[in-house]
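Chemist: Here is how the chains run, residue by residue.
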Amino acid sequence: MSDFGINEVKWAATVSARAMVGLEQELNDADAKLGDGDTGGMLARVIGALDGATIAADADLGAAFSTYARAAATATGSSLGTLFATALMTFAKETKGRSSAPITELGPMLGKARDTMMARGGAKLGDKTVLDGLDAVAAALEGISGGSDARNKAAAAALVALDEYRGKPNKIGRARMFADATIGMDDPGMLAFAKLCGALAQD
Amino acid sequence: MSDFGINEVKWAATVSARAMVGLEQELNDADAKLGDGDTGGMLARVIGALDGATIAADADLGAAFSTYARAAATATGSSLGTLFATALMTFAKETKGRSSAPITELGPMLGKARDTMMARGGAKLGDKTVLDGLDAVAAALEGISGGSDARNKAAAAALVALDEYRGKPNKIGRARMFADATIGMDDPGMLAFAKLCGALAQD
Amino acid sequence: MKKLMNAPADFVDQALDGLTLANPSLVRDGENGRVIRRAEGARKGKVGIASGGGSGHLPLFTGYVGKGLLDTCSIGNVFEGPNVGSCMDAIKLAHGGRGVLRLYGNYGGDRMNFDMAGEMLEDEIRTTTVLGTDDIASAAPEESQKRRGVAGIIYAYKIAGAKAETDADLDEVTEIAARAVSATRTIGVSLAPCQVPGSAKPTFTIGDDEIEMGMGIHGEPGIWRNKLKPADEIADEMLDRLLAEAPKNAGSEVSILVNGLGATPLEELFILYRRAAEKLGKSGLRIVQPLVGNYVTSMEMAGASISLCFLDDELKTLLAAPAYCPFWRVG
Amino acid sequence: MKKLMNAPADFVDQALDGLTLANPSLVRDGENGRVIRRAEGARKGKVGIASGGGSGHLPLFTGYVGKGLLDTCSIGNVFEGPNVGSCMDAIKLAHGGRGVLRLYGNYGGDRMNFDMAGEMLEDEIRTTTVLGTDDIASAAPEESQKRRGVAGIIYAYKIAGAKAETDADLDEVTEIAARAVSATRTIGVSLAPCQVPGSAKPTFTIGDDEIEMGMGIHGEPGIWRNKLKPADEIADEMLDRLLAEAPKNAGSEVSILVNGLGATPLEELFILYRRAAEKLGKSGLRIVQPLVGNYVTSMEMAGASISLCFLDDELKTLLAAPAYCPFWRVG
Ligand SMILES: Nc1ncnc2c1ncn2[C@@H]1O[C@H](COP(=O)(O)OP(=O)(O)O)[C@@H](O)[C@H]1O
Ligand SMILES: Nc1ncnc2c1ncn2[C@@H]1O[C@H](COP(=O)(O)OP(=O)(O)O)[C@@H](O)[C@H]1O
Ligand SMILES: [Mg+2]
Ligand SMILES: [Mg+2]
Ligand SMILES: [Mg+2]
Ligand SMILES: [Mg+2]
Chain A
1 MSDFGINEVK WAATVSARAM VGLEQELNDA DAKLGDGDTG GMLARVIGAL DGATIAADAD
61 LGAAFSTYAR AAATATGSSL GTLFATALMT FAKETKGRSS APITELGPML GKARDTMMAR
121 GGAKLGDKTV LDGLDAVAAA LEGISGGSDA RNKAAAAALV ALDEYRGKPN KIGRARMFAD
181 ATIGMDDPGM LAFAKLCGAL AQD
Chain D
1 MSDFGINEVK WAATVSARAM VGLEQELNDA DAKLGDGDTG GMLARVIGAL DGATIAADAD
61 LGAAFSTYAR AAATATGSSL GTLFATALMT FAKETKGRSS APITELGPML GKARDTMMAR
121 GGAKLGDKTV LDGLDAVAAA LEGISGGSDA RNKAAAAALV ALDEYRGKPN KIGRARMFAD
181 ATIGMDDPGM LAFAKLCGAL AQD
Chain Z
1 MKKLMNAPAD FVDQALDGLT LANPSLVRDG ENGRVIRRAE GARKGKVGIA SGGGSGHLPL
61 FTGYVGKGLL DTCSIGNVFE GPNVGSCMDA IKLAHGGRGV LRLYGNYGGD RMNFDMAGEM
121 LEDEIRTTTV LGTDDIASAA PEESQKRRGV AGIIYAYKIA GAKAETDADL DEVTEIAARA
181 VSATRTIGVS LAPCQVPGSA KPTFTIGDDE IEMGMGIHGE PGIWRNKLKP ADEIADEMLD
241 RLLAEAPKNA GSEVSILVNG LGATPLEELF ILYRRAAEKL GKSGLRIVQP LVGNYVTSME
301 MAGASISLCF LDDELKTLLA APAYCPFWRV G
Chain S
1 MKKLMNAPAD FVDQALDGLT LANPSLVRDG ENGRVIRRAE GARKGKVGIA SGGGSGHLPL
61 FTGYVGKGLL DTCSIGNVFE GPNVGSCMDA IKLAHGGRGV LRLYGNYGGD RMNFDMAGEM
121 LEDEIRTTTV LGTDDIASAA PEESQKRRGV AGIIYAYKIA GAKAETDADL DEVTEIAARA
181 VSATRTIGVS LAPCQVPGSA KPTFTIGDDE IEMGMGIHGE PGIWRNKLKP ADEIADEMLD
241 RLLAEAPKNA GSEVSILVNG LGATPLEELF ILYRRAAEKL GKSGLRIVQP LVGNYVTSME
301 MAGASISLCF LDDELKTLLA APAYCPFWRV G
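Chains as they are written, first to last, in full-length UniProt numbering: chain A, 1 to 203; chain D, 1 to 203; chain Z, 1 to 331; chain S, 1 to 331.
It should be emphasised that the hints constitute simulated quantities derived from the structure, not laboratory data. Any given hint could be a false lead.
DSS-like mimics (lysine-lysine), calculated; alpha carbons at most 25 Å apart, straight line [said to hold, decoys possible]:
1. A:K124 with A:K33
2. Z:K146 with D:K168
3. D:K10 with D:K112
4. S:K2 with Z:K227
Just chain A, with the same shape it has in the complex (with noise of 0.2 Å):
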């Protein structure tokens, strides 16, 4: 399978709604060492309205995008829902009108998807954040035309990712006070969106 379209899309808000139930307690602690501890709860919540939300029947991969960017933004205002619904809201604007895309277009929207996120929350590569995940995951993800290669690719560039960046500080946030005391952690939107991609891998 070289394309993916509306039903993978809800494949993966289906799963990974599923697998948010098995990690709310683990990324809620990761933040509580670090920020507010709500990442997990959030996250529960944001990726549960998606898999909840309703896809017209005559949707587009570009409407549907568009109606879980919306069902997003609906359910959070927090730093992570919020950067999450930009991502969608990207994926929405690069698919419109189409029913499928190429699986090889999913790295360059995860680029596209992480400059819009980097824009709209102001950190930078490096920050240790999502986008490093992000951008991990972008690179890996280039050429490859395989539905279940690009999982497993993506799931394997986040997984390295987060373990080089566990030895590095953290750079925004409240977390940059005490920058030094993060290395060794995780930061909490890494391992989130490392811990999706490895759930997607995985099913």
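Given chain A's structure and the hints, the job is docking chains D, Z and S with the ligands onto it.
Modeler: The following block gives chains D, Z and S with the ligands in isolation, referenced to the frame of chain A:
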């Protein structure tokens, strides 16, 4: 010794203050079951204030009791503390102008204190309060003229009253609302009185 | 339980210093500094209202000194009545020549000390007494005069305070205060205890998933203890208990106070209020001047109380009259 | 941690219902009911002030809607920014024809959503932004624009709100809001955590005898954690840290807010205030309009913050101007 004077009164204050150190928590716990859990803390403070009060060098017995009454009344506005101050005021009236008093007067003095406390607080004998302990001790001291005999009789009578009332329901204060649940419990005021009589007898 | 304090023995006096420093309308006075009075002093020709009680309940009691409310307030140690000297000071400082109403909660120590103070001053100052007895969980209806005073006493403060400002005489002020008390019912629930400064233990223990209905503001045992229930069920039971004891002659207007005991967030009080307001509406009662907030606390105790004050025309007018203190302002 | 609530998912909406039912000056509005606005609506010809933030901080944010303060406030879930739709609604409902100042705390999600909302409306409504950045523990002085907004934001509300009522234009209101923020410093201490409704655990853990200096209002880690110390030592350290960062051009008048985080009794806040007032006096500063109470909370979190707002003549005048909301009234 068949009389008591200022030195005996001072001694009693000191012994009681020392005894309160070990009693404070026990009395608080007893009060926590029925009321607001402060009997011990309050009494420790009040008796500490007596023990710390300066009795004028030329004071007679009445003046000494009066100083104690004022010290107690300044240190608290709690029920038991205020009743205690009332009793001390009665003692002051009864011994006014005398440098000592016969031990045989102790029983009648306690009886008078009991009556002024009843008038002030509005409780009746049999309500399971400190009054019932006082009443028992007043009766037990009738005709007793020796100091150590009086102290032993008082301690025994207070304990007997405590035992006797343990099996009865509390009829005043908040405890009244769940009177049957108070059967088997010690009234904190009676308990305090019995323990302090015991401390005076032992010392 | 941790406290932002210095020596426990200084807790009350340092808190009073802060209270008066931050609020120039309040002044410490009395022999031991245990009276709070209006900065401008007693107004000549006005009936005085003196209250008093134990510390640990801010804004109660001292916080309600102000125009249209109390003239003076004597204050004891944490959860202990004010001593007799402070009660005398409070009466004297409230006296503007036309007598003083002693208006305070029905607790043994408070009563004895205010009684003694009144007796000692009886040759100088005419005094009357009205006791707050709104806590319906503290005695059966047949013995309602034995009930304790809790959050609902602020209705009596407000109403009697407004009446006194009209230059009514002592009997009139006393009568309206008694009417306010007998129109007011309160019940509380408790979720977590507080701790008296210097004490080794909290005032009571309660399970991590338990609630107690009817507990007193010092942690005195209540009606039942059980697993925590949804807020709507709790509000319903509280309202049912209060409405079952509505005064015989109650009209259709009622003021409601949803009061936090200290550690319960405003969000939760508003959740309770929402349900209570719905339920009062369904019972055909119209809400007048609702109050939601921490009006009478027990330091860091968690829980809430609901008070209803059943209004007649005069009570309603007096409740709406202008009043000012640092924690409650009307008009 | 026990909560008087129904389903956790209903926590915010039911609390907002109670808030507006109890306070007729406030009305729920917006597509999802996640905007609180003044009952009378935006005044034509007045610059609007829209704020917003996460739930769980009452009286902040929604409670400060009122005359001389905010026009509207968008509100998110507990400790989450308001969503973009609510931010748009808040801006639109605040608009009286002369533009809208977006005045809110510097948190990532809030900023992104208010930015997007402003962009989406930029053809219709002119907007400006001022971010609350008073928490000195949240970034070094060199990066003060990165600091978070905490309790001190109410000074910016009050001052900008008063300016807007004078019919000043958007640039003037924006300038004075920015001036208020840059004159304000806050630091907090935390003693016990809160718990987000529906969450399995408190936001953080802390020892039974520990205190943390500089902790954020959502439990974000602070400067140090240690054994609890006497209140005076804590107040001294807080004041020292605040005064060390006094603005270069600071005059001799300062307003101080001793704020409770939720579960800390008023008595303790007054104990802190007493020491802080003494210390400010010794530093040659004169206190203007002190505030002591629960102005910005984190549900049942225990602890307190101290804010200083260094006043110039205009800030002082605006701070004293009449204002009304259910939780703060001036004049
Ligand atoms: N400005 C930003 N740019 C990129 N990623 C961000 C930004 N702010 C937060 N994040 C990501 O979001 C995660 C925190 O998410 P979450 O806990 O939901 O947000 P909040 O800080 O609003 O509580 C961080 O671990 C980080 O990966
Ligand atoms: N009206 C009263 N008459 C007699 N004894 C009383 C009365 N009220 C209280 N007591 C005694 O005081 C004890 C409670 O004292 P304490 O805890 O110090 O008072 P408070 O109720 O003010 O907290 C009771 O156990 C009882 O023995
Ligand atoms: Mg977070
Ligand atoms: Mg007691
Ligand atoms: Mg007591
Ligand atoms: Mg958050």
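Chemist: Run every hint past the structure and note whether it holds.
Modeler: Verification of the hints:
Only pairs whose Cα atoms come within 25 Å are accepted, and K124 (chain A) paired with K33 (chain A) is accepted, the gap being roughly 22 Å. Between K146 (chain Z) and K168 (chain D) the alpha-carbon distance is near 21 Å, which keeps this suggested pair within the 25 Å criterion. Between the alpha carbons of K10 (chain D) and K112 (chain D) the distance comes to roughly 21 Å, so the proposed pair stays at or under 25 Å and holds. Restraint check: the Cα-Cα separation between K2 (chain S) and K227 (chain Z) comes to about 10 Å, which is no more than 25 Å; the hinted pair holds.
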